[in-house]
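Could you put together the complete structure from these sequences and hints?
Next come the chains, spelled out residue by residue.
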Amino acid sequence: MLEIRWHSRAGQGAVTGAKGLADVVSTTGKHVQAFAFYGSAKRGAAMTAYNRVADKIIMNHEKYMEPDFVFVIDPALVYTSDVTINAKEETVYIITTHMNTQELIASQPKLEGKKVYTVDCIKIAQETIGRPIPNTPMLGAFMKISKMYDIEFFKESMVRILGKLPQKIIDANMIAIQRAYDEVK
Amino acid sequence: MAFDKMELRDIEVWDGNFAAAQALRQCQIDVVAAYPITPSTPIVEGYAKFLADGYVEGEFVMVESEHAAMSGCIGAAAAGGRVATATSSQGFALMVETLYQASGMRLPIVLNVVNRALAAPLNVNGDHSDMYLGRDSGWIQLDAYCPQDAYDLNFIAFKVSEDHDVRLPCMVHQDGFMTSHTAQGVHTLADDVAYSFIGDFKPMNDMLDFEHPVTHGVQTEEDWHFEHKARQHNDLMTKVMPKIQAAFDEFEKLSGRKYNIVESYNMDDADVCVVCMGTSVETAREVAQEMREKGIKAGVVGLRVIRPFPFFEIAEALKGVKAVAALDRSSPNGAPGMLFNEIAGCLYNTQERALLSGYVYGLGGRDLTKAHLVSLYKELQANVDAGKVLTPLQQFIGVRGPKLAFL
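Residue numbers (the numbering used here), protein chains in the order written: chain E, 1 to 185; chain F, 1 to 407.
It should be emphasised that the hints constitute simulated quantities derived from the structure, not laboratory data.
Each computed PhoX-like pair below joins lysine-lysine, with the alpha-carbon atoms no more than 25 Å apart: (1) E:LYS63 x F:LYS403; (2) E:LYS56 x F:LYS258; (3) E:LYS164 x F:LYS5; (4) E:LYS144 x E:LYS185.
Please read these numbers as outputs of a predicted model, since none were measured by experiment.
Following this line, the structure appears as structure tokens:
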């Protein structure tokens, strides 16, 4: 079982990102679950989304999770919410920030001693898609760190999932995914 | 069929809401009258989009409340159409008056109820308060544990509800957010296969049949009211279960997916078991399996059909088990929980009555964790070892503050 927790703000695309990832993974024969907590949250409110991936059918519906990966797609959430809650020793963090990993850890001591990777998904999204929607770049970074799938396979799958969007937006997302894949450190 | 078909992959990653919306598309509903409410909104939104995009031939009626939504459904069903809608929580509560009209008028309407807490305090998350509110309304109630079930049970609902020997409306329940907004793999049916399972709608006593005028919703008073209600109850008690079983059997032949009136997991040799509904059934299954590795013979019984209540099927499922926990996800507000009472009723006249205890859990979407279920199974095993219930008969799981226990 692979478990992922997303930290996001409502409107930044964490739910879409989690569902998109689940869709890609499902095509490879694995079982998936993607869900979120937002209650009646407003745009901009902190929220979390979740992925489970397993070889067997997933029957666990508890919301509690000790994640293998934590994705933070809004830079301020590292300070305003506890992104390390219920984490394990080996949990891997991929965090959106304009800082490098050392600067980030220095600014948030809770991340000290943890496996932290950084990438500026907000900047990448702004420069490629033209809007600060950091979900697809985060998945590009995840492909690099987790080595889950070959990046070309992943991008092809995402083209299908984003299928209903205008071609220009799909192309921009592909560039964003590739940039995050290349830039995550 | 004069509408566009949709190519689906064998497995689509859908949440429970979208799965239900797709089932409504494939069933080609004639009329959906709906008023949106979280977390059920995407079901009727989905139907409306399919309709606008030419995938369904039907009518979407926008109304000013859930009371009007069900009233519109009743009118359309009485006129002679295949009718469905969806709601949750406060919307369901507002519909209650019309629910009794729908069932009393013997109209085969399918209502997707995405289970959510009832205010006050206001809460949009999943519990079974609305589902419990509907249980005396004369409807058939089916319960989904995951998005796959939410998809499949819609077909079963139309099949049973529209049967001319039944003609009773049917609710398909799914847990708010935990199923409705959780995306999982759903094995799909091709449009033609899905539609042919339920077939063309065959009206009965429809008001648009001008050759055979009928009256719906009459006043009867003391002379006939009781006979009508007794007949409705009789049909729920005697006719519905065999039709549900037949629909499950036929659906299994079609899809390979087997549903049962009562779902039993690891019950053959179980010493301890929990009885519950919704997503909790699946989480409990996973925990029961793990308990066996720890030496506790744990099982799970899930209700697939809530109304009519599977009285004998539950007694049968619980045969031989030594301790049973009834898990109610709705505040009984001054009584034992519904499942506790119903199960006590099933077991009371049987030879081997298991030790029975009740638990209230998960109100307002409060998480039922695997850790909760592990302690619950251990508590039941302790009851078995002692030969009696060691705890009060009603406890609360996962509530903060001093431990609550009654009875």
